[in-house]
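**Student:** Residue numbers (this note's numbering), protein chains in the order written: chain A, 1 to 72; chain B, 1 to 958.
Because the hints were derived from the structure by calculation, they are not lab data. Quantities reported herein were computed from a predicted structural model and do not represent experimental measurements. A virtual CB, placed ideally from N, CA and C, is assigned to each residue, including glycine. Check before you lean on any hint, since a few could be wrong.
Cβ-Cβ distance ranges computed for the label pairs, FRET-style [said to hold, decoys possible]:
#, chain 1, residue 1, chain 2, residue 2, range
1, A, Gly57, B, Arg948, 37 to 45 Å
2, B, Pro32, A, Gly23, 52 to 60 Å
3, B, Lys526, A, Pro60, 20 to 28 Å
4, A, Gly57, B, Lys798, 33 to 41 Å
5, B, Ala939, A, Ala49, 34 to 42 Å
6, B, Leu485, A, Pro60, 36 to 44 Å
7, B, His456, A, Ala72, 55 to 63 Å
8, B, Gly890, A, Gly57, 28 to 36 Å
9, B, Ser669, A, Ala56, 42 to 50 Å
10, A, Pro60, B, Arg948, 34 to 42 Å
11, A, Asp33, B, Ser333, 39 to 47 Å
12, B, Arg337, A, Gly57, 36 to 44 Å
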Amino acid sequence: MTSSHDRLIYMANQIGWFFRSQGHAHAVSGIADHIHKFWDPRMRKAIFAHLDAGGAGLDPNVREALESLKTA
Amino acid sequence: MSLIQETDFGTPRSKSETMVTLTIDGQSVTVPEGTSIMRAAMEAGTQIPKLCATDMVDAFGSCRLCLVEIEGRAGTPASCTTPAMNGLVVHTQNDRLKKLRKGVMELYISDHPLDCLTCAANGDCELQDMAGAVGLRDVRYGYEGENHVFAKSSGTPNAAWMPKDESNPYFTYDPSKCIVCSRCVRACEEVQGTFALTISGRGFDSRVSPGMSESFLGSECVSCGACVQACPTATLTEKSVIEIGQPEHSAVTTCAYCGVGCTFKAEMRGEEVVRMVPYKDGKANRGHSCVKGRFAWGYTNHKERILNPMIRNKITDPWREVSWDEAFDYAASEFKRIQAKYGRDSVGGITSSRCTNEETYLVQKLIRAGFGNNNVDTCARVCHSPTGYGLSATFGTSAGTQDFDSVEETDVVMIIGANPASAHPVFASRLKKRLRQGAKLIVVDPRRTEMVESPHVKALHLPLMPGTNVAVLTALAHVIVTEGLVDEAFVRERCDWSEFEEWATFVADPKNSPEATAIMTGVDPKALREAARQFATGGNGAIYYGLGVTEHSQGTTTVIAIANLAMATGNIGRPGVGVNPLRGQNNVQGSCDMGSFPHELPGYRHIAGDAVREQFEAMWNVKLNPEPGLRIPNMFDAAIEGTFMGIYVQGEDILQSDPNTKHVVAALSSMECVVVHDLFLNETANYAHVFLPGSTFLEKDGTFTNAERRIQRVRKVVSPRNGLADWEVTIRLAKAMGLDMPYNHPSEIMDEIAALTPTFAGVSFAKLDELGSVQWPCNEKAPEGTPVMHIGGFVRGKGKFIITEYIPTDERTGPRYPLLLTTGRILSQYNVGAQTRRTENVVWHSEDMLEIHPHDAEQRGVRDGDWVRLKSRAGETTLRAEITDRVAPGVVYTTFHHPDTQANVITTDYSDWATNCPEYKVTAVQISPSNGPSEWQKAYDEQARHSRRIAPVVEAAE
């Protein structure tokens, strides 16, 4: 993890790993809720920008969660 | 103000609920069964003369001074060892007793120096008091016979005389004044549990002996001070009393070291502290103390303490001493300039877990209301943030469930990732007392800590590989579920049953069994199964845990796993059980309660909640930002990116205490205004532009909240040496920023907290003065506070089981970094050492050492005491090696108390998934022999020396 950008992707995936054993629907809503509650707006903005740019490196549940959060 | 005198009842309180009534000196007395006659008499106001008895330890019956007569019984029994019984008629004073007592005292005094006038205990000597009480006027035996008092008798050396032992930095042992009452020996055994002292020899040869006739410093003594407190004479005396004299007034206050929150009497002469003595009515410590709280307060007067505000434009400039006003104006103008240039969210602050609740509350208020954002965080981020998240998710409150008294009713204790003997010593003593009564102990820790084996304590130890907590806890749950040991009635009544079933199915999966996970955890499956059975079936089971749980990538998951385990075994909601985080700093609990986290207002309520936010807006008369702010690691990232440029840090040394020092240095160097508010020029101050001198806990009023949720008063006994208490500094800084916070006293701040926070609704300084302390929640439903939580049901409603899948950290060993480094604390030092390194405590620990297993050391050609290079993916440092099998092969360990070692140069920026609490406890490293400090250490040292220069004040010419 060299840059803050990479760290953000890693942090999002880490959240995803915790929720993955709770089933898909739970996981996606859990990840979205967590990021919404605990990430400062500039962090959310940065991860959304990354998502828009293809979202490389994001796990599928995380990607889905971010998409739902972005449109919410 | 006068000296607070505590009544010594002579023997401990009986807990029996059966009462007995007897007559003492014609007066009817009713006491609990098991109470001694001595104590019963004292409760009725009659002090029977005594020397060997004191209510901190069990009766011993050796001094023969407390004799009484009981009608219908022969002889003169000792009142300390004779229990009160229904119908007894006791006489404490008559001719026969007077004569006997006088005879006993005469013998004592015949072998005791008569230097009372120049003795350190003059005015505070029980021997002197008793000689007076029994009316001793003459010693018929003279003083020339065989004695322990004089170095020489008639010109020849006296073999029975022993010189003073002054080896301990804080107290002396003068054997010539000893009356061999054994109070010190018993205090060491019964109160502290170290068993460092004994009585050697018999009869006239009996002597108090540390270890095998060693010096106090050379023995196992941990310098807790219990023996000094127990000593009735000047045999064991604080050096400060010897130097200064007896105190004349005192105030009850709370220790500013660890999260146990011991209550002390600060005993004073004028504004000079004479000594700190643990207070028997303190509900956390019950009259006990450790070497830090009892003795290590000398830092408050240390010459390196900064007493004047200072500023500088660049961190390469020397500091310039300025007036308070100039410092506040400069800091405020910088913050305003930065916000104008980089936006409102470009500044923030860090509250301190060492400061009071009131001070913490003010800092978060300054940031939310004055800076207009929520970029506030606290040092709890790097220690117990996962506790808040994990316990809130499962139980509904971000705090431990019990009080410390609860341990007295525990049958099986499980300690996970904590070493209370070093980090929470007074709790460890209370726990050991319970273990000596027969409670069982399970220790889950990579290292064989002092808790695993100590006198009369032998734990079932599960030495796991660092980073595998979740796997071990899930394996424990696996055994409990698959062997049918779940407390089903509890779970059905108190928890969500379908969530439990899902969880049970998950943990029962064979992949989570002790046998399947042993390859990762390194824990013997048989021992693990035994531990699970013990915990589930051994009676009241309580879990105590520390930073070995939280400071991991899966810190929060582990806290959740602990909560699951407690719920599955029905160990929640009554005395003797529970989940108990041991908090590192004195006010970690309080700083979290006070809204120090960027996403929540005081009382753990999310900032996005309109109703709560509007209450604060109305009270503060300002619009608040509803978005969560940055957490500490996020602040560092944002600083490096250029969006976070100014910070106010109260009482935390983020540079030394946060992981990956190089990253922190880069972040701090990027900021344009770093304001450090501290006692000393700490490591963070090397990168600061404004230094605001802080005040110590002796110099201000307020409250701390300990690990039991206990809110206790901190009382000012000395005027702030820097001129302003910390809460006053924050108010003045806020004023310079344009935010008016008109409080005249910290009690007014607490009133505001109580008005805004439902769990604090009943808290006020008046109530604390009246009750001594209260545990939150304290409100209409619980006006005197809540010692045990979740009685009859969980705060969140139904207890929530959450699946805890083990996900190994990405910080892994490999060919280049084959060992795992884990970190911890030592008894004599506290945290980053800023306070304790500036006391005599350095005699016990003057440098951080690297513990390494003999096998790993031999492979690398490292001998005991050698300098070694410790290298990780993040950085490298050097320190000296200590070869020990306390650590397993493949694991190395060090403490982090000294800035010149910089253990955090090594630690990485991996962090907990939920809270970003850093993963301090697992770092892959390599060790190799070394000749001395690394390049980084040399450069760092140079920068630090350069940065700490203070420009001389130039006096204007006449």
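**Student:** Give a verdict on every hint.
**Tutor:** Evaluated hints:
1. A/Gly57 - B/Arg948: 37 to 45 Å: Holds, since A/Gly57 and B/Arg948 (Cβ atoms, about 43 Å apart) stay within the stated range.
2. B/Pro32 - A/Gly23: 52 to 60 Å: holds, 56 Å
3. B/Lys526 - A/Pro60: 20 to 28 Å: Violated, since B/Lys526 and A/Pro60 (Cβ atoms, about 40 Å apart) do not stay within the stated range.
4. A/Gly57 - B/Lys798: 33 to 41 Å: For A/Gly57 and B/Lys798 the Cβ distance comes to about 38 Å; the hint holds.
5. B/Ala939 - A/Ala49: 34 to 42 Å: holds, 37 Å
6. B/Leu485 - A/Pro60: 36 to 44 Å: Given about 38 Å between the Cβ atoms, the range holds.
7. B/His456 - A/Ala72: 55 to 63 Å: holds, 59 Å
8. B/Gly890 - A/Gly57: 28 to 36 Å: holds, 31 Å
9. B/Ser669 - A/Ala56: 42 to 50 Å: violated, 30 Å
10. A/Pro60 - B/Arg948: 34 to 42 Å: violated, 52 Å
11. A/Asp33 - B/Ser333: 39 to 47 Å: holds, 40 Å
12. B/Arg337 - A/Gly57: 36 to 44 Å: Holds - the Cβ-Cβ distance for B/Arg337 and A/Gly57, about 38 Å, lies within 36 to 44 Å.
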